[in-house]
Amino acid sequence: MSDPRVRPVGPYPISQGGWHEGGSSKAYVTNDWRLEKPVVDLEKCVGCLYCWVYCPEPAIDLLDRAGKGPSKVRIDYDHCKGCGICQQVCPPKAIKMVPEEEEIANNGSI
Amino acid sequence: MAQFEPVQTRKSLLTGDEAVAHAVRQSSVDLVAAYPITPQTIIVERIADFAASGAFTGQFVPVESEHSAMSACIGGALAGARAFTATASQGLALMHEMLYAASGLRLPISMAIANRALNSPLNIHNDHTDVMGSIDSGWIQLFVENAEEAYDRVIQSFRIAEAVNLPVAINLDGFTLTHSTEPVEMLSDEVVRGFVGRPPKRDSLMDEAPKSFGLMSLPDSYQFFKDDQSRATTGSSVTISQVEGEYAKLSGREHGPLKIFRPGSKVMMVMLGSYAGTARTTARRMKNDGEQVGVISLGWLRPFPEKQFLDALEGVETLMIMDRSVSYGAPAGPLASDVMSLLYRYGIKRKVIAVTYGLGGRGFLEEDAMRLFRYAGKSGSSFESFFFYGGE
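The listed protein sequences derive, respectively, from chains A and B. Just remember that the working numbering sits 6 ahead of the position in the first sequence, which is counted from 1. Just remember that the working numbering sits 169 ahead of the position in the second sequence, which is counted from 1.
In short, the hints are calculated from the structure, not lab data. Since the model is a prediction, treat every value here as computed from it, not as a measurement. Where a beta carbon is used, it is the ideal one built from N, C-alpha and C, also for glycine. Among the clues, some could well be false.
[As the list claims (entries may be wrong)] Chain B is nowhere near these chain A residues, computed Cβ spacing over 12 Å in every case:
#1 Arg-13
#2 Val-15
#3 Pro-17
#4 Ile-20
#5 Gln-22
#6 His-26
#7 Glu-27
#8 Gly-29
#9 Trp-58
#10 Leu-69
#11 Ser-77
#12 Ile-91
#13 Pro-97
#14 Lys-102
#15 Glu-106
[Stated by the list, open to error] With a straight-line cut-off of 30 Å between C-alpha atoms, the simulated DSS-like cross-links for lysine-lysine are:
#16 B:Lys-380 with A:Lys-32
#17 A:Lys-32 with A:Lys-87
#18 A:Lys-87 with A:Lys-74
#19 A:Lys-32 with B:Lys-547
#20 B:Lys-395 with B:Lys-435
#21 B:Lys-370 with A:Lys-32
#22 A:Lys-43 with A:Lys-74
#23 B:Lys-518 with B:Lys-435
#24 B:Lys-418 with B:Lys-395
#25 B:Lys-370 with B:Lys-435
#26 A:Lys-99 with A:Lys-43
#27 A:Lys-87 with B:Lys-520
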């Protein structure tokens, strides 16, 4: 048995007081929190950006970032936690919540 | 004591609060964010006066609550500023949440606490209930016996905090110290400025490469931060002594971790704060009647000066530990619990009398100290605890 008094090596270097280089939230991927994922029906999406306003994460992006005019939306699946608020607020009902496993099954990756 | 090289001093008549305000004015403080509360009010008023007259050159931020006061200090300290605040009682309770943020972020913030009772019932007078509720918030906790010591320890607190990256609280008894006028020998502005210097550079919000502070830390890492904080607090005793020694060279005054009066006395009264003076005067008087009583007055409570306290136990039979706050339902008051766990840890057996006294400003006069000393000399049991009612 190892000595219970010994301090183990931490998961990563601990900075005094805890700081991190800027932009760390971007690197922190939260997609495995999700049970259902929002899927955008681009036929129905009108680019009103209600979902962008209501999304508690910055997980809604523009499909066409380069263009100057209105754009339909794209989900950032790295940071979407699957809360489903976007589906609730979407005026043309263009967003559907799809169970993650179903997606996996349909993709045939399992 | 370090060798005394006299510097220009000025003897002034100041209340404890005014002494603190002058110490802040002289210590090149960048930010004071504070909300007034009795009996700390005069500290804030004087600093506001100094800010208005130009004598205080830092930024004075009037805030809408103590929670905001501490939050502003945290923001300032994160930007590299030397920050100070002062509070008491309900104000300290209101900033409780942010006390942990300040210490967890390892910020060198300094704060004066004008110790006062907590509501309810409403009472503005002195005891230690306020600070004992926050004693484990990760701050270095210093206690003073008079206005001059408050002045000295506030100046030292900036150096200590910045060296160990921990916040420091200076506790001074409400009214007994905050509102009593005493002679205080101030150092010159120049000497204090030279002593405190500028805060050393640390990771800051102002750094060119962006940094984010106030991280979330999951079970894999949280305990490491707390472990580091605990080690830093225990280890800070070395730094505090160094800073006190350096200050003694300028002022001739070194308050140290504890003051022992009549070492080796059979009965020792263990105290925090200004009432230790009353106990000492009484012990001196009783000595004339041939009675062996002494006083241990703690200047540091966090970190607890373990070694120095153990050294003070030589020849002592009874420790009468005086708490001005209550740990409801606990085996003893907070100071008595600390001392007893220290005794157990080093396998030392002493008779302990845990006394709760002075709540809500209830007085402690010489005849009170004498009654207690006499009782302690006669008491037969190995442990007892009671509420003591001294003069009103």
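Enumerate the violated hints, using their earlier numbering and listing them in ascending order. 1, 2, 3, 4, 5, 6, 7, 8, 19, 20, 24, 25 and 27
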